[in-house]
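S.K.: If you want the building blocks of each chain, they are given just below.
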Amino acid sequence: LPGHPALAQDAAARTVDQVIAEFTGGAAAAEGEGVTLTAPEIAENGNTVPISVEAPGASAILVIAAGNPTPGVATFRFGELAGNQAASTRIRLAATQDVIAVARMGDGSFVRTAANVKVTIGGCGG
Amino acid sequence: SNRTRALAQQSLTQDQLLQFDDFGNLTLIHVTDAHAHLTPIHFREPDTNIGVGGAAGRVPHVVGKAFQQMFNIAPGSPEAYALTYPDFAALAQTYGRMGGFDRIATIVGAIRAARPDSLLLDGGDTWHGSLTSLKTGGEDMVRVQNLLGVDAMTSHWEFTLGTGRVQELIKMCRFPFLGANIYDAEWDEPAFEPYRIFDKGGLAVGVIGQAFPYLPIANPKWMFPEYSFGIREERMQEVVDELRAQKVDLVVCLSHNGFDVDHKMAGRVRGIDVILSGHTHDAVPEPVLVGETIIIASGSHGKFVSRVDLEVQGGRMTGFRHKLIPVFSDVIQPDAAMTGLIDEIRAPFKAELEEVIGQTEAPLYRRGNFNGSWDDVICDAILSEREAEIALSPGVRWGASVLPGPITREDIHSVTSMTYGQVYRTEMTGETLKTVMEDVADNIFNADPYYQQGGDMVRLGGLAYTIDPGAAMGSRISDMRLLRDDSPIEAARSYVVGGWASVNEGTEGPQIWDLVESHIRRLGTLPARDTASHITIKGLEGQ
Amino acid sequence: MAENVKPRVRVPKTASAGEVVTIKTLISHPMESGQRKDKDGNTIPRSIINRFTAEFNGTMVVDATLEPAISTNPYIEFDMTVPESGQVKFTWYDDDGSVYEDVQAIEIA
Ligand SMILES: [Mn+2]
Ligand SMILES: [Mn+2]
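Chains as they are written, first to last, in our numbering: chain A, 1 to 126; chain B, 1001 to 1543; chain C, 2001 to 2109.
No lab work stands behind these hints, which were simulated from the structure alone. There's no promise every hint is true.
What the hints assert, rightly or not - Lysine-lysine pairs mimicking DSSO-like chemistry, simulated, CA-CA at most 30 Å apart:
hint, chain 1, residue 1, chain 2, residue 2
1, B, 1434, C, 2037
2, C, 2039, C, 2006
3, C, 2039, B, 1434
Said to hold, decoys possible - Some chain C residues well away from chain B (every beta-carbon gap over 10 Å; in silico):
hint, residue
4, 2014
5, 2043
6, 2097
Computed from a predicted structure; not experimentally measured. Glycine included, every Cβ here is placed at the ideal spot set by N, Cα and C.
Just chain A, with the same shape it has in the complex:
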């Protein structure tokens, strides 16, 4: 049985809502169109889970891991030479959870989406 990434609980950790509010300045983020988050159905390794975010026309995208002891993951700000408003990275996920992306769009509005990633102990197959 493989070990799970052990991220200890941090009592001072900000909540998911707090992290999002800090990014949006308290504005509401609508669920849906405009932002895409690509992640594997099942993580091959909870210590390094590849994710990609994309939001055409966005100025920034916030990524959070709702089920980690501290939910913050990364914020990507796109400059004028960004080929598109997209980025990929690899992240740590402590357990099966939703990864959330919130994009600040060109007009100042916010959209969000989520993808569930399963972090499994693993079985054995055919």
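Model the placement of chains B and C with the ligands on the given structure of chain A, informed by the hints.
M.R.: Then chains B and C with the ligands, alone, in the frame of chain A:
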């Protein structure tokens, strides 16, 4: 044996088994999941193969009598023996062993004689699963594949030989090792040849390889840390589109996804004509049509060869004719050249393979969602040889069956051989045990096939439990009890647990085949016992 | 201070004017989260790459804030528009004050 040969030949002939009215302008030949079984074996098909969600009641989640009825198979017939479990041990006395690569060579040769423009595609799980493949590091199988004239393969257990060995063997292969979904883990770029275009009788046939998506989860990722896998549906679509842009006449996906994953993928990726499906070891007598894609599943352990004749016109498949050919070893004449190679491969290990370790009163088998009788023997061996309270054994689908009578060392290796067979001994709390069982159950019974890893439930020894496969993650397992004293498993208590096939690096302990061998030697004869009586399945009333 | 910190990048050597190219970056770094304990039970202090930037001829392409949930050996991939021949400058900022840089030239072909 001579006896089964005489009996089998009374009801079957090679001509009957190979009979096929040629159709269309291209033939595909599919073999998969041989697990390095070079010689004929007995293999009992599952008595339990629960389908969840949309897969309930649909092939391959139909077994036994229901399967016989679905495909109009008479009980006691050769087809019933080959494809279903009822009366297995008795029918084995009539119809004998199945498989053997020298018989497969005869079948392939006959198909090629009729159809020179055939493609022979190997779905993987070929280099692992026997004493000879373990001792030769898979080289025995590459030699057999080369002689057989395999045109392309994909992979799963191959990677448990480790990256270095896989790369060495690929160099020996006279055919491509395809995997569109295998990526370099560091730079996220394709790491293997994704497809090959074959020119067959004027047709351009694109064959895409799809390796087992969950290799780094189901098997030790430290053995192949360079690679990342995954279903990668978008990648599959991209590769199909690339082939279509090159104006191929046909797109074939040589897949090790497992049947349910292939079924879902067929409904979502556009432009695949044929999926040759492997990994879940299902022998399905008819193609399954999803949209305009057909899925072919060809069993395991060399028991079957699929022949698929296709009519290909205007860049697409317009018709098909198919036969799942059962490899009755007493009826199909062995190919002399292949027999020679197999004998040569086995010669250095002959005495070791054939040594009788003990006897069994009941048939030993594994395949099925829950403990088979072989699994019970392995769990008993772990409990007694490692003085554990609870034994865990992986729910793999490979391993041949043994009829009442002698058990050889080769038989033991057939159900245990692997590159990480150490038997560990550790302590686990009741809570951890429950978590492990729930986790594995969800990897098998998740209603979304993309979350299924295509194995069977972890085998438990020393522990009784109730499972509700259709329940949600975390609430399938209940009423866990220690068989030793019938006490309820306590979440906070620590239990001594023995198990094998850990995916953790540095696992220590004796090899499982040695441990099973000493257990069988000590008992001499394994008595018949009530298999899986400690597992209660609920929630299946509707199936 | 993190040891053997080594950036690696994959940047095309040439592009056509206005082309969008994919850039991949890796930096070998433990990304110590500050949440692990050593074998004596003491918390191992946080030590991560907390910011990454990419500029082309001085113009910002991407500016990323990274948290401890980013994996060991941080990997960042993004696309960049190449308006002219020039240099991409990558900068990684470490918690310990170290700054790591890499510069790659792209020619308009
Ligand atoms: Mn297999
Ligand atoms: Mn497999």
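S.K.: A separate judgement is required for each hint: does it hold in the structure or not?
M.R.: Verification of the hints:
Taking the CA atoms of residue 1434(B) and residue 2037(C), the gap is about 27 Å. The hint holds against a cut of 30 Å. For the suggested pair residue 2039(C) and residue 2006(C), the alpha carbons sit about 28 Å apart, so the restraint of at most 30 Å is met. Distance hint between residue 2039(C) and residue 1434(B) is fulfilled; the C-alpha atoms sit about 27 Å from each other, no more than 30 Å. The claim that residue 2014(C) lies off the interface holds: its Cβ sits roughly 19 Å from the closest Cβ of chain B, which is beyond the 10 Å cut-off.
Remark: the non-interface label on residue 2043(C) is consistent with the geometry, its nearest Cβ contact in chain B lying 25 Å away (cut-off 10 Å). With a least CB separation of 28 Å from chain B, residue 2097(C) remains clear of the 10 Å interface cut-off, as annotated.
Going down the numbered hints, you'll see the structure goes against none, and every one checks out.
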